[in-house]
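Chains as they are written, first to last, in the working numbering: chain A, 1 to 374; chain B, 1001 to 1411.
Just so you know, these hints were derived from the structure itself, not from any lab. Where hints are given, some of them may not hold.
Now the in silico label distances, taken between C-beta atoms and shown as ranges [what the hints assert, rightly or not]:
| id | chain 1 | residue 1 | chain 2 | residue 2 | range |
| --- | --- | --- | --- | --- | --- |
| 1 | B | Arg1324 | A | Asp27 | 35 to 41 angstroms |
| 2 | A | Val308 | B | Glu1022 | 33 to 39 angstroms |
| 3 | A | Glu117 | B | Arg1324 | 36 to 42 angstroms |
| 4 | B | Asn1396 | A | Asp340 | 54 to 60 angstroms |
| 5 | A | Val308 | B | His1087 | 49 to 55 angstroms |
| 6 | A | Asn365 | B | His1087 | 32 to 38 angstroms |
| 7 | B | Arg1324 | A | Ala71 | 36 to 42 angstroms |
| 8 | B | Arg1341 | A | His249 | 43 to 49 angstroms |
| 9 | B | Glu1307 | A | Glu117 | 18 to 24 angstroms |
Part of the chain A face toward chain B, derived, beta carbon under 10 angstroms [claimed, not checked]:
| id | residue |
| --- | --- |
| 10 | Arg15 |
| 11 | Arg60 |
| 12 | Pro119 |
| 13 | Asn237 |
| 14 | Ser303 |
| 15 | His362 |
| 16 | Leu364 |
For glycine and all other residues, C-beta sits at the position ideal for the given N, C-alpha and C.
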Amino acid sequence: MSNTEFFSLPAVRVRQGSQYIYAFGVDGKQIPRFAAVSRVHRKDQQLAGYQRPEVQSHIRAIRRYLETDGAILPNAIVIAFDDRVRFEPVDQPQNGVDYSTIGRLLIPVDDSLPDDEKPAWIVDGQQRSAAIRDAEIEAFPVAAVGFIAKDEAEQRSQFILVNNTKPLPKGLIHELLPSTSVKLPTTYARRRLPASVLNLLNFGAGGGRGPFTGCISTPTMASGYIRDNSVLKMIENSLYEGALYQYRHADDGTGDIPSILLHLNHFWGAVQRVFPEAWSLPPTKSRLTHGAGIQALGYVMDSLTEGVPAADLSDLAIEETLRNLRDECAWMDGSWHFADDQVRRWNNIQNTPNDVRLLTSHLLNLVRHASPVR
Amino acid sequence: MKFYFPDSQDLISPTYDFLHDEYAPHRVRQRDDRYAHEVLETPPYHGILVSKAIVDGGVSGAGKYSSSQRARFYRMGVRRFFRLPDHIATLGDNGAFNYVGEEVPPVTVDGTLDFYDECGFDAGVSVDHVIFGYDANATLTQADPAWIRRREITLDLAYEFMKRVSERGSHVEPVGAAQGWSPTSYADSVKRLQEMGYTRIALGGMVPLKTRDVLQCLYEINEIRSPATELHLLGLTRVDAMETFAQLGVTSIDSTSPFRQAFMDERKNYHTADRAFAAIRVPQVDGNVTLRRAILAGDVSQRDAIEAERETLRALRSFDGSPRSQKTALDALAQYERVNRSKKSYLDAYEETLTAAPWLSCPCRLCRTHGIEMVIFRGTERNKRRGFHNLTVLANKISKLATPEALEQYV
Ligand SMILES: [Zn+2]
């Protein structure tokens, strides 16, 4: 133990039942000196360690965020200590808060120790701590929470518990996305524009009302009856593969939102006027407001309006085209005649890729024959 | 000679971040990405070849296109989908390799013509059935019965194709597909296609043939070829024989091989006018399956691998042509090969590549922009850019070929 020095870190000891946890701050660059990251691997048939290998893409994303100005990491890194780590109180418990004690955490640091003999393990925050280690920054103090574990089994169960928290519901995330500003993970960054468009359709832009206003059901718009996911999919599809792509800026992924709204409101306004009843009913009573109907008509929109700027849409007589296929549509009752041997009851259309494709090609076929000559 | 590039959805992302090896989070495939004709000053091909099987999917599975891309391809047509300038030609075919195992082609003449018409191709190849085999001595009647049957099917379908093109008043230029197993059978196919009215004929199934055999066939065809008939060689680029090909009536070819060599060939990855160099392998610790497994099993330390990977990239990027920087780079590469437990060492080839530093003198826009990244064998963005560069090299070779007229005086 010749090389051992001690980190003495100000900490708060919090009693939870019969155990203690320790909240403290520590420079993330120093963490690897005393804490190891174990990974799942087999050692003589025995499962050893309890973590996944680092996910480089994830680490890179965090790392690049850390290198920006004003980066913060409010989540605490969770560390399991063994009994070489000690806590020294410097203060007697205050009246009324006998569960918290201020003191010092004493962590032995010996750079010559191999990983598996270090006194601490990172239970949660492996990727964040790797990102701090790799980032081109001098230091990055983080909040940490530690506990002293009896053995590896206890560390492992903590790991599962900590990592098993339920993620936020998708719908809520989509509602939060438009008002975020930091660099987001890829999947969310891609969703930001479609989610912003959906919110504006639903809550009305600048006080104006459109066919979707108040109709889309989201965590904060409980009265809506069209599923947010159906509309989101339709918008995404069109933005990336269809008519709305013309308003998207490829260099930074943003878009000309007013034109996008104009375009969508023009087409879906026509849909609403041609099928007023089917548009006003929930998916159980109308396949138009169902995932299959929204998506299939989204493709019809792409097909009719691709490359046409929003200002010129009125030249296309979309409402007239849709009116011509009204007799063939079975949104609320009757049957769809996809082919002579393929007749489907109205409520027998499901939100599956197959049914969406079937409905889409049927509608596109009808549209091709129903479009007024331009 | 015109060179066609067969489409296989090969694009590069202009916003890719080489330093961090990341795509822009908002990138949309194909639409934000760019084809070779969009990123190089001069398109490295005269035309593109698009197979129906790649767009639609076929018997052996899904195509290269997602269903929404496919829908957009039909909606926009080939020219707008590929964002082609006017002078790049378009040629459609069935992708006969896709159903090579079937008894009869599972596609119809009308279905194929629908594809060409709806998507607005300049020209389209009649439906064919590939013959896998070559025997110069077999005769028209004394040959493998399967070969005989496939050739007859191909000719019947070509007849029907020509008929339907004129009945439908299609604007697509019909290209007759010729199959065969010998000089005689190929020549006979060409003769019969000419009788059907074809003036442009694509020779299929020649990819596995030796250049000598291809030439034999072309000589034999030349005996019966009417002067107006133009030949296309499907899937072939034999630069050495190109001038002779041209003399024998070949006016166009297509091939992916210079492109694919960039990342499929063992060593001939980066082409120059007179030779090919090995690209320098710096696999991504994250992306490499073997390495990932070794790390998971605890055989390789992830830290060491990542450190070696970074060190190698750093050394390559600071390579300035000096012997010192070359040594640093080779040392780092040797270390990475060790950590990686590579079964094979490429260090000798890397030394050649670094000594010649061919990217420094390449005038193509990609080499000028990306420098040494062009010779790093790593991930699809670098590898495809190198493929695009190879296409440029080929295009230059082809454009330097003497024209058939100029050659005639030597014949
Ligand atoms: Zn180049």
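**Message:** Which constraints among the numbered hints does this structure fail? Numbers only, ascending.
**Reply:** 5, 10, 12, 15
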